[in-house]
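Colleague: Sequence:
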Amino acid sequence: MFGLMVRFTCKDEESAGKFDQLVSETIGKIETEEPGTLIYAVHKVDGQPLQRIFYELYRDRAAFDAHEEQDHVRRFLGARDDLLASVEVDWLGLQVGKGTTG
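Residue numbers (full-length UniProt numbering): 1 to 102.
FYI, nobody ran anything at the bench for these hints, they're computed from the structure.
Since we're looking at a predicted model, the values are computed, not measured.
Glycine included, every Cβ here is placed at the ideal spot set by N, Cα and C.
It is possible that part of the hints are untrue.
Using C-beta positions, here's what the derived DEER-type ranges look like [said to hold, decoys possible]: (1) R74 to Q48: 15 to 21 Å; (2) G97 to Q21: 29 to 35 Å; (3) A62 to E14: 33 to 39 Å; (4) H43 to G99: 17 to 23 Å; (5) L94 to K11: 20 to 26 Å; (6) I53 to T32: 22 to 28 Å; (7) K11 to D60: 32 to 38 Å; (8) L94 to E14: 35 to 41 Å; (9) G78 to K98: 32 to 38 Å; (10) D12 to G99: 26 to 32 Å; (11) K98 to K11: 36 to 42 Å.
No farther apart than 20 Å at their CA atoms in a straight line, the calculated lysine to any residue pairs in the SDA-like style are these [what the hints assert, rightly or not]: (12) K18 to L77; (13) K11 to D60; (14) K98 to P49; (15) K11 to H67; (16) K18 to P49; (17) K44 to A85; (18) K29 to A85; (19) K98 to H67.
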């Protein structure tokens with residue numbers, strides 16, 4: 001299993017709305033076209049209206065690499081930059097967990 005957590009901070013409320021729309025346009029393709037993407041969850045942060053946290057789990061590193069090569073993901077990656085003030089990525093290595101295989 002391979003995972004990451006990403007904290008996005010949008011520039012302003014207008015950018016946050018556009019970012020949320022971009023996420024909505026992308027998530028459906030992730031659900032239907034990426035069998036190796038096990039969890040792709042997007043969260044709003046209570047009390048931080050400009051922040052979004054993505055929690056992503058993949059079957060393995062190869063599944064993550066395949067995710068990054070998808071047209072819908074490349075579109076998301078290219079379009080998001082104008083909307084964001086910062087991006088922080090934490091790479092995750094599974095130690096233990098319920099409902100995990102690995």
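Colleague: Please check whether H43 and G99 have a Cβ separation lying inside 17 to 23 Å.
Modeller: holds, 19 Å
Colleague: Do D12 and G99 keep their Cβ atoms within the hinted range of 26 to 32 Å?
Modeller: violated, 38 Å
Colleague: With respect to the beta-carbon atoms only, verify the hint that I53 and T32 lie 22 to 28 Å apart.
Modeller: About 23 Å separates the Cβ atoms of I53 and T32, which means 22 to 28 Å holds.
Colleague: Tell me if the beta carbons of A62 and E14 are separated by a distance inside 33 to 39 Å.
Modeller: For E14 against A62, whose Cβ atoms are near 38 Å apart, the range 33 to 39 Å holds.
Colleague: Against the 20 Å threshold, does the CA-CA distance of K11 and D60 hold or violate the hint?
Modeller: At roughly 32 Å apart (the allowed maximum being 20 Å), D60 and K11 break the hint.
Colleague: Within 35 to 41 Å or not, the Cβ separation of L94 and E14?
Modeller: Holds, at about 37 Å.
Colleague: Given the proposed pairing of K18 with P49, does the C-alpha separation stay at or below 20 Å?
Modeller: Holds, at roughly 13 Å.
Colleague: For K18 and L77, compute the direct alpha-carbon distance and say whether it is at most 20 Å.
Modeller: With a Cα-Cα distance of about 14 Å, the restraint between K18 and L77 holds, given a limit of 20 Å.
Colleague: Take the C-beta atom of G97 and the C-beta atom of Q21, compute their distance, and say whether it sits inside 29 to 35 Å.
Modeller: At roughly 32 Å between Cβ atoms, Q21 and G97 fall inside 29 to 35 Å, so the hint holds.
Colleague: Does the beta carbon distance between K11 and D60 stay inside 32 to 38 Å, or does it fall outside?
Modeller: holds, 34 Å
Colleague: Hinted pair, alpha-carbon criterion (20 Å max): K11, H67. Please report holds or violated.
Modeller: It is violated: about 26 Å lies between the C-alpha atoms, which goes past 20 Å.
Colleague: Between K29 and A85, does the CA-CA distance stay at or below 20 Å?
Modeller: It is violated: about 26 Å lies between the C-alpha atoms, which goes past 20 Å.
Comparing the model with each earlier hint shows violations of hints 1, 5, 10, 13, 14, 15, 18 and 19; every other hint is respected.
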